[in-house]
Every structure is written in structure tokens, then in C-alpha cells.
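Colleague: If you're matching them up, the sequences are chains A and B in order. Position 14 (the first sequence) corresponds to 14 in the working numbering; numbering is contiguous. So the working numbering is basically just the index in the second sequence, starting at one, shifted up by 1000.
All clues stand as given, with none of them false.
Selected chain B positions facing chain A (in silico; Cβ < 8 Å):
#1 G1051
#2 R1078
#3 R1080
#4 F1088
#5 D1090
#6 S1093
#7 S1094
#8 L1095
#9 D1096
#10 R1158
Away from chain A, derived, C-beta distances all over 10 Å, residues of chain B:
#11 T1020
#12 S1100
#13 L1131
#14 G1196
For the record, the hints were derived by calculation from the structure and aren't laboratory data. We put the beta carbon where it would ideally sit given N, CA and C, even for glycine.
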Amino acid sequence: MTAMVLPGVRPTHKAGRASAFGLAGRLSAAVVIIFTVVALIGPWVAPHDPQAVDLKASFWGPDAGHLLGYDAAGRDLLSRLLAGARTSFLGPLVIVGFATLLGSSIAVAAAWYGRWLDSAVVAVLDVALAFPGLLLAVLTVAIVGPGLPAATLALGVAYVPHMARLVRSAALREVGRDYVDALRVQGLPAVRIAVRHVLPNIWPIVIGQAALTLAWATVDLAALSYLGLGVQPPQPDWGVMVAAGQSGVLQGYPAESVVAGVCLVVAAGAFNLLGQRLLRRCEGARAR
Amino acid sequence: MRLVEVDRLSKSFGDRLAVTDVSFTLEAGTTLAIVGESGSGKTTIARMLAGLETPTAGRIAVCGDDRSRPARRASERRDRARQLQIVFQDPYSSLDPRQSLSTCLDEVLRLHHPAMDRAARAARVAELASLTGLDGRQQSALPRELSGGQRQRVAIARALAAEPAVMLLDESVSALDVSVQAQILNLLADIRAATGVGYILISHDLAVVRQLSDRSLVLRHGRVVEHGPTSEVLDQPTHPYTRLLRDSVPRPGRRPARPANS
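Produce the entire structure from the sequences given, and follow the hints as far as they go.
Modeller: Spelled out as C-alpha cells, the structure:
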């Protein structure tokens, strides 16, 4: 008992956390951190100008100054990969940030007011969930016109129902707890109870779902760019690079498509594992 | 002084009547017990008094202010909070798992006394904690680090922080074991003596009712079947239902009725 009150000494908690998170969880967390850093500083640490064309060097293999070799236009692949991390990796963050903010606001409002608002929200979510997010995004981009802002916004909106549905069920459970009623009887404003009490208590679920959604967003944004609806060439982006590398694949130089594809798979995989671990951990915490 | 006046209160959920024509009053410094089996409408009455449900018909007045309709303005909600507070049955869900006693009371004090500075609030938190018998470590502990009885003390301290004229105890000691229950009941009696707060005690436990309440009201299927001083209601019940409730309390020598053919 005395050990429990010593500052920082909570052996049972720490052990539970590490085992639930596991090696894969920690590895994916490391990958996410490294990719984020690269996305932030990539364009400045790139050894060459990612846009510098040198047609003589088309499809050249790796050499001393160019560790991954050159693409069809003789641009440095490593530099394009580093610079492309910004849209490919931070783009999904913006998408998911938007979907999380809007989705959880809708979900908490529906759980809070209940009755007809909740029924209406659930009906709209069910209809929206019937459409694949990527299809909605392609439709939107087809109407608004291609480009990164349009693709980001379209995917952000497309993920709102996924976020809202999960957060709503968690918020519903939390709003039903007596402390929420007690705070209402105390005269606390509804918005304050929702933002300062309900949301922080369901936050782990929101974060876990956000990480899972990041995995889909990474792949979907790259798919839009691949189709020519998202990031526009010659701007470096992993989805654009997979598409641009196709001619190389046919000519026996698959390096560009492969390196960009591997980056996408690793990023999506890391987000996915991380999200699963986070959700599993908060289920464990729920069961206590 | 009349703290609570309830006049022909009714509540229906769809076509199901939960509460029908219930009337009672509560005087300052006294305790009214509302007794009945599960589903008799006790908690619905409590939720209407607290403003968590809107009555279908009838009138509720607390400290002379009508509260049959939901509060419109924030200041009205705060005024109502200072008139009546509620302590729930389940001490495991009635506290925000992320808030210690100190942060919880600080938030309430800041709401009701915007003029209080940090030091004054801390002093009041310490005062409320000692009033409810919680020590320094328990003040900064999260709910999961406290026992059921300690959590219920935190919930009582939170209700007291608003300095209400009426406290609604909705089965507030039912979930606690007998020794802790006795401590909390003594604590509630002391608080009543010290502050003159009126209690509405909702309970199915007749021993608790006898110990704390002056008047009792027996509910069955949402209707009042008996109403009067607690000693009379429990010792000379006139309604067969009250007699049944009283005789259902286990005691030495009691032979529980067995189903036939067994």
C-alpha cells in the first residue's frame, strides 16, 4: 500500500501498458515519429533539388550522391521521396484531424441531446456509411476539380461518418453515467460538461480510431494522387511517384514505383498497428 | 420554512404512468423519506426534483421557486443548483474518473462563487473535505484509488459545495456495506445539525429510513399509499402494502415464505 503512494511508482500500471502495447506497437510508434520528422524537415534535408531534371541520368541506378538512383526524368529519387513525405504523410493528418474534430463533435452532440437529433444523426450516418469514402472523394473531386485541397477536404468529409459512429457509442455510454447528471444538477453549462468531462473520458477511443483512420487516409489520398485527382505532378508525392513510375516498370526500371509504394505500405501499416494497440489498450482500461 | 412543495406531480413515459398525483412538502432541517420497492417511481420523483426530467403534470417548488419547467438561462440553472443537490446511488459512476476531490470541488466552487480566489477556494475545499471526513491524500486521489464509501463522501462533498438548501439522497447509502453505511448516515445527520439542510431520502431500506427521517411517504406503482411521521408509518402501518414492506425486512427467527410443492 505504501508503495502505491510513492510518486512515480505504479508497477502494475506500467507492466499492463507495455504488454498491451507490445513490440509491434512500439515499432509502429517509432515509424510514425520518424516519418513525421521526415515529413516536417524532408524538403530541407533532401540531398538534391527534387525537381532538378537531368535527362542524361534517366533511370540510372544508385550511385554515391544518389542513394536510390534516378527516375525517368533523371531526378534524384531519395530527394523526391523525402520531399514527397510532406503531402503523403501530413496530408492524411489534416484529413483525419478534420474528420476527428467534426465527427466527434457530431457524435457528442447526438449522444448529449438524444431523442430526435440522435435518431437523425444515426440515419444520416447509416446512409453515408453505405458509400465507400474513396468513391465520395472521387465524385467530389470530379465536381470541384483536382488538387490537394479538394482531395483533402473530400476525404476529410468522407471519414466523418466512420469517426462519428464509433465516438457516438462511446459518448452515449459516458453521457449515461451519473457524474454527468450530477454536473448538470450543479448548473454546469452543457458545452462545458461535454468538452471538459465527456470528451476527455472517451479521448483514448477517439485517438485509437483516429490512428486507424490515418491508415486508410494514407492509402486513399495516395490513390487519389495516383489517379491524378490529388497532388499534381511534377510536385513530389508518393502517390504521384507510384503513377509516374509505371512507365519505368514497363521498361524494367521499377525503382520509383517500388520505393514510393514501400513508403506508403509502411506508413499505413504503422498507423494501423498503432490504432489497434491504442483501441485494445482502452478496452482493457474499460474492463477494469 | 417550507423548502420543497410538490403538488399533484405526475409523470408518464409514453402511456406508462410512472408517478401519479404525488404531493408532499419538506420543512427546513427535517428529512422526508420516500419508500417503495424498485419501480415504484422513487427515482423518477428524484429526477424531476433535480430537473433531470420534466413533469407531465403537477407543480414542484423548491425554496419558493417553481421548477416544473426546465431552466432557461445559465444563471437560473445555477440558482436551482444552490437550492437542491442530489447524491446518487452508485458511487462508482457518480464521479468523473479523471477528477480528484480537489479539482472536482474547485470546478463547482468556481461556478458558484466566481469572486472567490484560488486560496479561498482551496480553503473551502479543505473545509468540505474535513466535514465529510476525507484526509489530504484522499483529496488529491482519483476516484479509482478510493473505496466506495470514500467516493460517496466525495459525492456528498461535491453536493455540499453548492451549499444547497435541500439534498436529495437517491439510495445514496444502499450500495455501501453496513459499517460504512452507518458512518455516512451519522455524517449526514451531523451535516443536517450543522447546516440546517433538508434531506429527501429515497430508500428501500427501512432501517436507514428509521434512523434518518422524520416523515415518510410510501409509494406503490407511482401513487402515495401512506404518508405521515416515520415512527407511525413504520410502527402502525395502516396500508397493507406498508405492512408487507415492513414484514419483508429479514430479522432473527423470520421464516421466508416458500413456494408450495417444494
